[in-house]
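Oh and the sequence shown: position 71 is 71 in the working numbering, straight run, nothing missing.
Be aware that a few hints might be false.
As the list claims (entries may be wrong) - Simulated pairs of lysine-lysine, DSS-like, Cα-Cα distance not exceeding 30 Å:
1) 169 to 151
2) 233 to 722
3) 821 to 126
4) 512 to 151
5) 126 to 203
6) 821 to 697
7) 627 to 309
8) 203 to 323
9) 109 to 203
10) 323 to 309
11) 722 to 811
12) 791 to 821
13) 627 to 722
14) 162 to 460
15) 791 to 697
16) 109 to 632
17) 739 to 811
18) 512 to 109
19) 202 to 126
20) 169 to 203
21) 203 to 460
22) 572 to 722
It should be emphasised that the hints constitute simulated quantities derived from the structure, not laboratory data.
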Amino acid sequence: MAHEHDSATHPDTHAPGAEVFDFAAIQEKWLPVWEELQPFRAGLEGDTRPRKYVLDMFPYPSGDLHMGHAEAFGFGDIAARYWRHQGFDVLHPIGWDSFGLPAENAAIKRGVDPRGWTYDNIAQQKRSFRTYAPSFDWSRELHTSDPEYYKWNQWLFLELYKKGIAYRKNGNVNWCPVDLTVLANEQVVDGHCERCGAEVTKKALTQWYFRVTDYADRLLDDLNQLEGRWPSKVISMQRNWIGRSRGADVDFEIEGREGVVTVFTTRPDTLWGATFMVVAPDSELAAELAAGASDEVQSRFQEYLGRVKAETDIERMNSERPKTGVFLERYAVNPVNGERLPIWAADYVLADYGHGAIMAVPAHDQRDLDFARAFDLPVRVVVDTNAPVTGVIPVIPLDENGDPYLPDDAPLSDPAETGLALAGEGRLMNSGPLDGLSKVNAITRVIELLDAKGRGRATKNYRLRDWLISRQRYWGTPIPIIHCEACGEVPVPEDQLPVRLPDAEGLDLRPKGSSPLGAAEDWVNVACPNCGEPARRDSDTMDTFVDSSWYYLRYLSANDDTQAFDPREAEKWAPVDQYVGGVEHAILHLLYSRFITKVLFDRGYVSFTEPFTSLLNQGMVLMDGSKMSKSKGNLVEFASELAAHGTDALRVTLAFAGPPEDDIDWADVSPTGAAKFLARAWRISGEVSSSPDVEWKTGDRALRRITHRLLADAAGLAEAHKFNVLVARLMELVNATRKAIDSGVGPADAAVRESAEVTAMMLDLFAPYTAEDMWARLGYEPSVALVPWRKADPSLLVEESVTAVVQVNGKVRDRLEISPKISAEELEALARASDAVKRSIGDSEIVNVIVRAPRLVNIATRG
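Hey, can you work out the whole structure from these sequences and the hints?
Pasting the structure below:
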């Protein structure tokens, strides 16, 4: 990308003989000072300021920082610096999300230990962070791949295991054929692995889960606490992912089989319209039912099952696909009318939805109708969608058979003929005791009937599934369970934590479907803690989202080796006041963090139920309208931009580009322009010749009014995350100060010093090096980052005069400086008396005068 200049080589100049704004020298000057002062340490003994916790989603060390990091951490730092200026003790920590597949895959590709690759990248990112100057409390730095951290992952796992929230079961899981590991539902995007893009398949495995579904209602209902504090888009995404639906569990008997099959339905009122049952082909029930069928059906079923296992859930749920299935030669019994319902295995039903079986009501469900038409199955209408459902409930006339009478002028269409299900509201028909009832009343009534017979009950269902945490890879937290033939699953005693990863040397880390840890014989073979007999460690590692689900609490006690976090520190600091990160984590990370927080609340470790009070999502940094990538040739490198323009110009550019949540196209912004603005501000600080103890009230009133209007507005802009507007207002102040100096107010005027000091203080949010250097040039000790925010003088906020525009026939003829309290009559008289207006009117006739006091007079003339 071409730049107007490289300011490290060609420093910005103002005029011949002007001071040179050399960002590289300024950075080199102040970085070691901050290193020594450590001004951003939080929670020091004796600090009585109120507290704020500002947190950025911690980075993954896949290489050096990139432009997305520059944006996200820039916004988080603006918030942290702002609250310090407001008098708060601000905790703003940093760490690295350093376990995970990318590191392991990169290490395999390079033939190195994942540790070396990971920690080398952390060192590089740390160097870049130091230069970029976020106001981190470096004393709390953490890495999730340190045993000192993942020890507490294992402690957390055991806490959940004690309460039955962590459990192991066999089931069909999402399997990535490239990374050869399982994936949680949330890590499958449009049927593909979110990491490598491979098409995900299903595989039967015994895996570890967290029982997040036990918290589904709380996860959903507690979103109400976050309304107005989190982006509405994120709240909607969470609600949709949890996907609560209310309905009934209905028990169907299967002919020739003991026990019942339970079906969840949101429309139990349509039970009289059920004409067949569908079970998921890959469910245990389907296998059981098929086993009792003829050899021919068993053969067809096995062939069909093989095809289904090769399909993704996305493909199976595609409503446009032709319906396929196998009749299992078995029948269910409808509990409300005793009808025999043929049972089919069909791929449009998923094994993990409800109970893996549905009652099919083809007249009122499009997928069921498509299936019924494909296999010539009965279609029975049980909802009169022509009947009114609002207002006064009408009397439904009945015919001689006791069925609802339909007038000739309102015939119901036949879904079997039209191919369109009747999905609208209406009143029940062909449904025995429900006839004539609206849907809501019918659902209530049929649940009462089912409950009385012991055949059903009201219930809820969720899209949310339990969190699958097992991973068949090396670079992760070992699961602290030992498997003993005699004792079964045995938790590792807490005093034996952490269960450390063995060295990678000698292990084949290449993915092969089982964890490489299983081959570490010296590590995996241990004595059972209960009976002392030979046993084996669990060789799977945890999903890295476990690491990030509670890391915000570890920062509170980052150097405490006796506990995961001190509950007293959590009481002081948590929950996080301001969380900053990408919307791509709207479901995975945020949902899991909310879940773990609620578990810890239930266990008495924290006193709150939501981890992040306020959430700010930043947009993406694009280039020429596209996501940056090496393959597209549009990659803008963070390091090169930093070298070319300096930290402050980069940070100001990102803050000024637009609202934080909007995408930024780097082709449309100007770090060179930002550098010129900073140079103008910096030069003013060097020109100020008054002393720091000058009396402000003696300064130029016009410039002071501009300064104090910004002071009055800045807090609201910062807290509303309108950082771009705040930068624009700072630019206006700098320009006004420059104009005042150049027009005769002079650098010795108290208003010039006041403006320069306010500029330095506010500029600290966006350009910390420039702000610190300005502060020193103005005669103060570091650090400007700790200076209390100045208060606006109310007397300077009252407008002493405003400019009224006077138009004649729509053209501006004069501008009048008048009192903001002037009456319309007085303003009109002044306008008519203006010499410029008189000349414009001449001999013409005034036909109309519009006055909008105190801003506008418009005179219309004729002739």
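Status of the hints after comparison with the structure:
For the hint pairing residue 169 with residue 151, the CA-to-CA distance comes to about 24 Å; that is within 30 Å, so the pair holds. About 19 Å separates the Cα atoms of residue 233 and residue 722, which keeps this hinted pair within 30 Å; it holds. Between the alpha carbons of residue 821 and residue 126 the distance comes to roughly 58 Å, so the proposed pair goes past 30 Å and is violated. With a CA separation close to 27 Å, the supplied pair residue 512 and residue 151 stays within the 30 Å bound.
At roughly 40 Å between alpha-carbon atoms, residue 126 and residue 203 are farther apart than 30 Å, so this suggested pair is violated. For the hint linking residue 821 to residue 697, the alpha-carbon distance of about 25 Å falls within 30 Å, and the restraint holds. For a cut-off of 30 Å, the pair hint linking residue 627 to residue 309 is broken: about 34 Å separates their Cα positions. Using a Cα cut-off of 30 Å, the hinted pair residue 203 and residue 323 holds, with the two alpha carbons roughly 23 Å apart.
With a CA separation close to 26 Å, the supplied pair residue 109 and residue 203 stays within the 30 Å bound. Of the supplied pair hints, the one linking residue 323 and residue 309 holds, its CA atoms being roughly 16 Å apart against a limit of 30 Å. Between residue 722 and residue 811 the CA atoms are separated by roughly 35 Å; this puts the pair beyond 30 Å, and the hint is violated. Note on residue 791 and residue 821: the hinted pairing holds, with a Cα-Cα distance of about 26 Å set against a maximum of 30 Å.
Our distance criterion of 30 Å between C-alpha atoms is met by residue 627 and residue 722, whose separation comes to about 24 Å. Straight-line distance between C-alpha atoms of residue 162 and residue 460 comes to about 26 Å, which keeps the hinted pair within the 30 Å bound. A hinted pair counts as satisfied when its Cα atoms are at most 30 Å apart, and residue 791 with residue 697 qualifies at roughly 14 Å. Of the pairs offered as hints, the one joining residue 109 and residue 632 holds, with about 23 Å between alpha carbons and a cut-off of 30 Å not exceeded.
In summary, the hint linking residue 739 to residue 811 is supported, as the alpha carbons are separated by about 29 Å, within the 30 Å threshold. For the hint linking residue 512 to residue 109, the alpha-carbon distance of about 15 Å falls within 30 Å, and the restraint holds. As the CA atoms of residue 202 and residue 126 are separated by approximately 40 Å, the hinted pair breaks the 30 Å bound. A C-alpha spacing of about 13 Å is found between residue 169 and residue 203, which places the hinted pair at or below 30 Å, so the restraint holds.
Taking the CA atoms of residue 203 and residue 460, the gap is near 28 Å; set against the 30 Å cutoff, the hint holds. The hinted pair formed by residue 572 and residue 722 meets the criterion: a straight-line CA distance of about 29 Å does not exceed 30 Å.
Of the numbered hints given earlier, the model fails hints 3, 5, 7, 11, 19; all others are met.
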